[in-house]
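Peer 1: These are the residues of each chain, in order.
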Amino acid sequence: MDISWYLELSAVLFVIGVLGVLLRRNVIVILMSVEVMLNAVNLTLVSLSQSMGDPAGQVLVFFAMSVAAAEAAVGLAIVIALFRGKQTVDITQINLFKY
Amino acid sequence: MDPAFLVWLILLLPLAGAVLNGIVPLFIPGLRQKEGLIGSLGTAMVVIPFVLALYLFVTFAGEPVIVTMFTWMAAGDLNVSFAYRVDELSLIMTLIVTGVGGVIHLYSNGYMHGDPSFWRFFSYLNLFIFMMLNLVLGNNLPVLFLGWEGVGLCSYLLIGFWYENLNNSAAANKAFIMNRIGDFAFLLAMFILFRELGSLDFDVILTQGPAMSQTSINWVVFLLFFASTGKSAQIPLYTWLPDAMAGPTPVSALIHAATMVTSGLYLLARLSVIVLSAPVIMALIAIMGALTALVAATIAITQNDIKKVLAYSTVSQLGYMFLSSGVGAFSVAIFHVMTHAFFKGCLFLGSGSVIHSMEHVEHELHESGEGRIDPQDMRTMGGLKKYMPSTRITFMLATLAIAGIPLFAGFFSKDEILARAFAQGYDGAFYASFAWIIGVITALLTAIYMTRCYVLTFEGTERWPAAETVHPHESPWTMTTALWILGVLSVVGGFIGLPAVIGEGHLNWIHHFLAGEEGPVREAGEGHVPLGLEWGLIALSSLIALAGVGVAWQWFSQHGVAFDARIRARFGKLYDWAAALYHVDDFYNKTFVSAVVDGAEKGLAPFDQRVVDGLVNGLARATRGISQLLRYIQTGEVQSYAVGIVFGMVLVVVLMLFA
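Taken in order, these protein sequences are the chains called L and C.
Residue numbering for the first sequence follows the working numbering, beginning at 1 and increasing consecutively.
Residue numbering for the second sequence follows the working numbering, beginning at 1 and increasing consecutively.
The set of hints was computed from the structure by calculation and includes no laboratory data.
Heads up, some of the hints might be wrong.
Straight-line C-alpha distance at most 25 Å; calculated SDA-like pairs for lysine to any residue [said to hold, decoys possible]:
no., chain 1, residue 1, chain 2, residue 2
1, L, K86, C, A642
2, L, K98, C, K385
3, L, K86, C, E637
4, L, K98, C, A642
5, L, K86, C, T635
6, C, K385, C, P465
7, L, K98, C, I633
8, L, K86, C, Q634
9, L, K98, C, E637
10, L, K98, C, Q634
11, L, K98, C, S627
12, L, K98, C, I645
13, L, K86, C, S640
14, L, K98, C, G644
15, L, K98, C, T635
With these hints in hand, go ahead and build the complete structure from the sequences.
Peer 2: What follows is the structure, given as structure tokens:
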């Protein structure tokens, strides 16, 4: 298979992730979109590593995955803390700005 | 001791005194009452330089000593350093400045006692001495000009010393602004000299100056003379000096009698080599000096305020000095500067002593409800000789000196001026004869108005209310000591310049010192007046002085203040015109001052309000408007900020790919 398919898939996934972060209201959905973005990047790394025959890309994926796991844990902890105060996961409600 | 080090000390001690007395009490208010400390420091910082200058004088070997400190400006072809010159002329001037200055500092200890700004006074006085020393010791025109401007500044600070009274501030402004007009002329002269000669050092100016084109020389000398009319109060820029009497009396004595006003004379004497090359301008100088002397003397007779009489007297005597310079007798002008410092300083300090006492009288009268008197008005004085013996005797000695009574200091210098003017006229210069005649008339007037001043103040009966119970007192030792020092000098100070008829000119020490073979002052020829005529002139001067004093004594002792009415009746319109100062102040106000004030009110003020303020306010309004629009970027929502990040990232990637 031509590598370009994998790279296109990865780009589309990344854009879907970005749009999710920018446009969705639910904080948990935003976190899921961030995970989608991370996976898109992992896909890029793995496909390029396979096509160039260099295992360094796959090693980097391991690092990225562990960081993603930690980040997911922390992110959800923040969501829980927010919910305790605001009783909502709607990100447009989490705004202290007064004008 | 190394002369360079001494010059350094002479200059820096007064500056240090000014800084210490000015800065320390400013930050430590508790020290402001320590008059003893402040006064002693201030006085010492002038007396020590006097002693050092005396040492330099005694050890002076004939060759000028040049002390260069550091470079001031080096730009293109212009190279100016802080360089100082010790030669005969600067030594005499330094001795006068520090000597008479030291005496006046001593006097100020007594006069300013009790004033809450005592410390500020001494700081300004020391600063003045520093600036004046820069003026007389400088070896190039920029350093001289620094001193020139500096003494103008100190004059402003000291005239307006009691600044809460707006009249004093106005007088200070008038002095400074009129001086600045003269300073503009000074700058133009420096520009011409630099363009022609490429340097402003005295050595260069004095050797290569006379080789300039006649037009350049004429312009330079004229401009420098015009600058001197401002600083030394001659027609047309003299009206600031009578107003300057608003300052404390030691200021009037030091600045407006003994030192600052003589700066113009020093300048002409220093550049005598060039001045002699401009005979047309010299004629102008002599005539203007003579006219100023006469006009000021006529005004002095009509004045009732004791300080105003002395102020116009100063203008008149300065006119004599310019007369002398105009006929080429520069060393005699400096001689008269010296004797004038003695007797005019003594007169001013004496008037201060009188005013000091009369202020106590005024205070007592006011307390007991007798009404107010003006402590400076001679019409409410009289008979003070009973209460103030030291002041009376020294004032009398100084009056006799200024009147030109033989053997007193003023006689020798004034007579020498008139003799030299006559000699130049005898040799054919018509302007000199004209100046001589004016000078003789003025000498008679001088004797009369000064005797009037003395008699109305000290002789006769007391003219203030409740005179049997309210008495003035003699002044403290700090003031009377100063009076005696200057009084004695007014008597003996003239003997250093005995006229040429005695000992064939060998006994005229000051002339040989300043204008001799190697002297710095160049002069016009001595003239060929026969000996008999010279003695005749001396006899004439003596006669005029004695007649003036005698006649005025008779008039004013017998009739007191009432005699003024008789003079007025005799001269009518002329007297009134003189008493109104010939309306010169009014003329200046109507033409120049109102032009500037109206121009500011109608032209500059609207410009400032509409254009300048408009620009500044408009800028503020524009900023506000833009910020009103931009504030919507801040929403507080995380997603809108995330949009911003994504946009930025896309921009960077595009730039990296395509730029």
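Peer 1: Take the hints in turn and mark each one as holding or not.
Peer 2: Tested hints:
1. L:K86 with C:A642: holds (22 Å)
2. L:K98 with C:K385: violated (87 Å)
3. L:K86 with C:E637: Holds - the C-alpha atoms of E637 (chain C) and K86 (chain L) are around 15 Å apart, at most 25 Å.
4. L:K98 with C:A642: holds (20 Å)
5. L:K86 with C:T635: holds (19 Å)
6. C:K385 with C:P465: Since the Cα atoms of K385 (chain C) and P465 (chain C) sit roughly 18 Å apart, the hinted pair holds (cutoff 25 Å).
7. L:K98 with C:I633: Given pair K98 (chain L), I633 (chain C) holds - Cα atoms ~14 Å apart, limit 25 Å.
8. L:K86 with C:Q634: Holds, at about 22 Å.
9. L:K98 with C:E637: The given pair, whose Cα atoms are some 11 Å apart, holds under the 25 Å limit.
10. L:K98 with C:Q634: Judged against 25 Å, a Cα distance of about 10 Å means the pair holds.
11. L:K98 with C:S627: Roughly 17 Å separates the two Cα atoms, so the pair holds.
12. L:K98 with C:I645: holds (23 Å)
13. L:K86 with C:S640: holds (20 Å)
14. L:K98 with C:G644: Within the cut-off at roughly 20 Å; holds.
15. L:K98 with C:T635: Holds. K98 (chain L) to T635 (chain C) sits at ~9 Å (cutoff 25 Å).
When the structure is compared with the earlier hints, a violation turns up for hint 2 alone.
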